[in-house]
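Spelled out, the chains give:
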Amino acid sequence: MSGKNFLRLEKIAKSFEHNMALKDVHFSIEPGEVRALLGENGAGKSTMIKIIAGVYKPDSGSIYIDEKEVTISNPKEGLDKGISVIYQELDLLPALSVVQNIFLGIERKNNLGMLDKVAMERMVQEYFDSMQIDIDIHAKVGELPIASQQMVAIAKAVEHEARLLIMDEPSSSLTNKELEVLYRQIRQLKERNVAVIYISHRLEEVYEICDTVTILRDGVMIDTRNVSEIERHEMVTLMIGREINEDRLNTRKTYDGPVILSARNICLDRHLHQVSFDVKKGEIFGILGLVGSGAIELGKVLYGVIPMDAGELSVAGKKRQIKMPSDALHHSVSYVPDERRAHGIFPLLSVEQNSVITSIYQYTSRFGFLNHKKVNAAFVEYVERFGIKIASPNQPIQYLSGGNQQKALIARTLLSNTEIIILSCPTKGIDVGSKFDIYSILLDCAKEGKTIIAVSQEITELVRICDRILMLKDGEVYHEYTGDEISESLIYHDLLAEGRERR
Amino acid sequence: MSKAEKKAFYKDKGFGTIVVFLLLVIVFSIISDAFLTVNNIMTILLQNSALVIMSMGMTFVIITGGIDLSVGGNMALCTICASMLIRQYQLPILVGVGICLLVGGLVGLCNGFCVTYLGIPPLLATIGMDSVARGLAYILCGGATISNMPENFKLLGRGYLFGVIPIAAVIAACVVVIYMIIQNHTAFAVSTYAIGGNEQAAYLSGIKTKSLLRKIYVLMGVTCGLAAYINASRLGVGLAAVGTDMSFDAVTATVLGGTSIAGGSGKVQRAVLGAFIIGVIFNGLTILNVQSFEQQVAKGLILILSIGVDTVRNRKEA
Chain S
2 MSGKNFLRLE
12 KIAKSFEHNM
22 ALKDVHFSIE
32 PGEVRALLGE
42 NGAGKSTMIK
52 IIAGVYKPDS
62 GSIYIDEKEV
72 TISNPKEGLD
82 KGISVIYQEL
92 DLLPALSVVQ
102 NIFLGIERKN
112 NLGMLDKVAM
122 ERMVQEYFDS
132 MQIDIDIHAK
142 VGELPIASQQ
152 MVAIAKAVEH
162 EARLLIMDEP
172 SSSLTNKELE
182 VLYRQIRQLK
192 ERNVAVIYIS
202 HRLEEVYEIC
212 DTVTILRDGV
222 MIDTRNVSEI
232 ERHEMVTLMI
242 GREINEDRLN
252 TRKTYDGPVI
262 LSARNICLDR
272 HLHQVSFDVK
282 KGEIFGILGL
292 VGSGAIELGK
302 VLYGVIPMDA
312 GELSVAGKKR
322 QIKMPSDALH
332 HSVSYVPDER
342 RAHGIFPLLS
352 VEQNSVITSI
362 YQYTSRFGFL
372 NHKKVNAAFV
382 EYVERFGIKI
392 ASPNQPIQYL
402 SGGNQQKALI
412 ARTLLSNTEI
422 IILSCPTKGI
432 DVGSKFDIYS
442 ILLDCAKEGK
452 TIIAVSQEIT
462 ELVRICDRIL
472 MLKDGEVYHE
482 YTGDEISESL
492 IYHDLLAEGR
502 ERR
Chain E
-12 MSKAEKKAFY
-2 KDKGFGTIVV
8 FLLLVIVFSI
18 ISDAFLTVNN
28 IMTILLQNSA
38 LVIMSMGMTF
48 VIITGGIDLS
58 VGGNMALCTI
68 CASMLIRQYQ
78 LPILVGVGIC
88 LLVGGLVGLC
98 NGFCVTYLGI
108 PPLLATIGMD
118 SVARGLAYIL
128 CGGATISNMP
138 ENFKLLGRGY
148 LFGVIPIAAV
158 IAACVVVIYM
168 IIQNHTAFAV
178 STYAIGGNEQ
188 AAYLSGIKTK
198 SLLRKIYVLM
208 GVTCGLAAYI
218 NASRLGVGLA
228 AVGTDMSFDA
238 VTATVLGGTS
248 IAGGSGKVQR
258 AVLGAFIIGV
268 IFNGLTILNV
278 QSFEQQVAKG
288 LILILSIGVD
298 TVRNRKEA
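So the protein lines, in turn, are chains S and E.
In the numbering used here, each residue's number is its place in the first sequence (first place is 1) plus 1.
Heads up: the second sequence at position 299 corresponds to 286 in the numbering used here, and the numbers run straight through without jumps.
The set of hints was computed from the structure by calculation and includes no laboratory data.
Built from N, CA and C at the ideal position, the CB exists for glycine as well.
Among the hints, erroneous ones may be present.
[Stated by the list, open to error] Restraint ranges, calculated between C-beta atoms of paired labels, are given here:
id : chain 1 : residue 1 : chain 2 : residue 2 : range
1  : E       : 197       : S       : 141       : 27 to 37 Å
2  : E       : 89        : S       : 370       : 34 to 44 Å
3  : E       : 197       : S       : 56        : 46 to 56 Å
[What the hints assert, rightly or not] Keeping only pairs whose Cα atoms sit at most 20 Å apart, straight-line, the calculated EDC-like set for lysine to aspartate or glutamate is:
id : chain 1 : residue 1 : chain 2 : residue 2
4  : S       : 324       : E       : 186
5  : S       : 282       : S       : 445
6  : E       : 197       : S       : 328
7  : S       : 58        : S       : 25
8  : S       : 24        : S       : 60
9  : E       : 195       : S       : 78
10 : S       : 178       : S       : 224
11 : S       : 281       : S       : 420
12 : S       : 58        : S       : 78
[To be verified] Part of the chain S face toward chain E, derived, beta carbon under 7 Å:
id : residue
13 : 275
14 : 278
15 : 330
16 : 345
17 : 354
18 : 359
19 : 361
20 : 444
Looking at chain S on its own, in the form it has when it is part of the complex (with noise of 0.2 Å):
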């Protein structure tokens, strides 16, 4: 290699609230590098590739391109200075064509100065040729399966000269005849000189297609080193850390109880499989997947935000349709999302009034008053059992830490009073003494007979609560983790396995 670095990050560190997402950071690829990017959900890899797209600022530290300093502070700064990034939510516009684009804000324009469309729609078919991809050039992106839409992003890329494209995950909704059309794309990038940061969970592809691997933990840069001389073993301790923490805090070996929840088939478009499984009274339920699993779409499947395709849902024995959130909550299951922001708080409203919103007709009086009093006197005791920080009842949850709203979106499932409660990535985005303050309240909750169906990525908090952990992969159940076998270890080696098949 040339030796020469097109991009050089000195010392980055950021930070959101409290929780240091990235310290001294120092990271550097060189044209034509494919650099797989490792760790753990919550290393700060995603963080690290938004800080070199321009959409985090960094809160110290330097970037250098083509070592000469410089500051990337919105993503279209980053776009000129030649950086890609194919996030796993695609940022295509679903209702133009592909061509369109694909030389969106670069358009070809012919003598006239209008819009040389043949010259456009040339050069696309020649390179999707080239890449041997069968994609309709005129079809709306909109209409195309994901896979294709990626491709149509990397191609993107291409014509708009990008001299560094980052793909996260780009390899978590491809099947493997896709997977050879992406290595075969990231390739040519490599032919062009284009350094490519990937990240990814399957270790296979790293030995597959990249040149050089640097893993991150707890927003820290362990180490960089060359694929090749690097074993699979040692990726893994590296990025799960050496001291492996296998303290469960769950001190129950096994645990039995009647089934309170049970699912059969359970079928969603691409999402779900045939998912069946039983969850028993007062048990920590865990279910485990990678993006694209199907684990967050089943949290949602049993809570009704998404309808299922197929399948059924008996809650304490019976069978039940549940088909929107208040179907749920009226057979006792209730929810946190994942997406803390976007789908769990009211920003504007009070800390109470977010608590309470679940349950409010609980506090109203016959001609349906709200009787203050009474809804104080039930948020109160929350916020000293939980120990969540707030001014005053009063003020607006958007002032508060992640990890104090998480605890009062839990507070309204409690106050909702139901038997069961799902949580979709319970700590996501959340400091480590929140974590635990949210560990041993589900712990305590399953203690007096809640139960807890916990979704999430990380394998070391469902190790450290769950009393069962069901593991997905591409939408089927692949094996349920019970007793000894509850193992960060033996979990994380079978999560980055190849198989796809059940065990």
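Starting from the known structure of chain S, arrange chain E on it as the hints suggest.
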């Protein structure tokens, strides 16, 4: 008050509105002796009763992040239906009011249906409904003025309590109090703020968002019906041309009162102040013999300015 609380108080959207209102009153009383008289104050109260009532319903609609631009047409339809029936059958006051509330509520229900069931953006759904309702009003009366109304028809709009206080203003005050109680003491209101603040989160919290939105549009319609009756009673006749500026004025009053057009926040009592700012300005300008064309320009500027301030505020907070 702590320093932070003081700061929050001055930054509070209500504070600026009070200052503007007081300034207007001071300026007009200096310029004209006729302004700050009991007689003129009562005139302002009477003239703005319908607007105050209307802006109560509008505040709730805007808190949900919606808007109702059909209130003008709705008023016309309520007015015509009620006045034709009243004249035909010599109906008592309460029955007349009841007809207005019923017709207004039905139009509101149609709005709610369009917004929730068909998913039409409130702005467009209610503009369409405005035209439908006014058109129906003209069809019913054939464009004619419904005159020769029974004497009691004029009581609520023209009558005075103790010979000084307009009955219409008393009714408006009662409506404000009722709305304040709903706003401060019901689960319905908390859910309304919740929908405006984050509709998705509201849905996930088990709130039946569609049904709640429908109720809010119905409530707006019913409120509009009451305003329509009072307005017609003040005029003494039934006109299909009433309320052409009403949706404009009600939105302006609400936004002037600090209710964010983006939804999720706002207070009905502030809309009262907003309504009186509009009222005072036009009363003042009329006393000063400013032509109605100039008043039209002033009105438009006030709306743009107040929404502009709100938008800039929202952007700063974001």
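How the hints compare with the structure:
The hint said 27 to 37 Å for the Cβ distance between residue 197 of chain E and residue 141 of chain S, and at roughly 30 Å that hint holds. Our hint of 34 to 44 Å for residue 89 of chain E and residue 370 of chain S is violated, since their Cβ atoms are close to 26 Å apart. At roughly 35 Å, the beta carbons of residue 197 of chain E and residue 56 of chain S sit outside the given window of 46 to 56 Å. Distance restraint check for residue 324 of chain S and residue 186 of chain E: the Cα-Cα separation of roughly 18 Å lies within the 20 Å cut-off, and the hinted pair is therefore satisfied.
Simply put, residue 282 of chain S and residue 445 of chain S have alpha-carbon atoms about 14 Å apart, close enough for the 20 Å limit, and the pair holds. Between residue 197 of chain E and residue 328 of chain S the alpha-carbon distance is near 15 Å, which keeps this suggested pair within the 20 Å criterion. Simply put, residue 58 of chain S and residue 25 of chain S have alpha-carbon atoms about 14 Å apart, close enough for the 20 Å limit, and the pair holds. A hinted pair counts as satisfied when its Cα atoms are at most 20 Å apart, and residue 24 of chain S with residue 60 of chain S qualifies at roughly 10 Å.
At most 20 Å may separate the alpha-carbon atoms for a hinted pair to count; residue 195 of chain E and residue 78 of chain S exceed this at roughly 43 Å. Between the alpha carbons of residue 178 of chain S and residue 224 of chain S the distance comes to roughly 32 Å, so the proposed pair goes past 20 Å and is violated. A C-alpha spacing of about 11 Å is found between residue 281 of chain S and residue 420 of chain S, which places the hinted pair at or below 20 Å, so the restraint holds. The straight-line distance between the Cα atoms of residue 58 of chain S and residue 78 of chain S is roughly 12 Å, inside the 20 Å bound, and the hint therefore holds.
The interface hint given for residue 275 of chain S is broken, as the beta carbon of that residue sits about 26 Å from the closest beta carbon of chain E, more than 7 Å. The restraint placing residue 278 of chain S at the interface with chain E is violated, with a minimum CB-CB distance near 23 Å, outside the 7 Å limit. With a cut of 7 Å, the hint placing residue 330 of chain S at the interface with chain E holds, because the nearest CB-to-CB distance is about 4 Å. Taking 7 Å as the C-beta cut-off, the interface hint given for residue 345 of chain S holds, the closest approach to chain E being about 6 Å.
Using the Cβ-Cβ criterion of 7 Å, the hint placing residue 354 of chain S at the interface with chain E is satisfied: the shortest such distance is roughly 6 Å. At its closest, the beta carbon of residue 359 of chain S sits 5 Å from a beta carbon of chain E; the interface hint therefore holds under the 7 Å criterion. The criterion of a C-beta within 7 Å of any C-beta in chain E is met by residue 361 of chain S, whose closest approach is roughly 4 Å, and the hint holds. Taken as an interface hint, residue 444 of chain S does not check out: its beta carbon lies about 25 Å from the nearest beta carbon of chain E, beyond 7 Å.
Of the numbered hints stated above, those contradicted by the structure are hints 2, 3, 9, 10, 13, 14 and 20, listed in ascending order.
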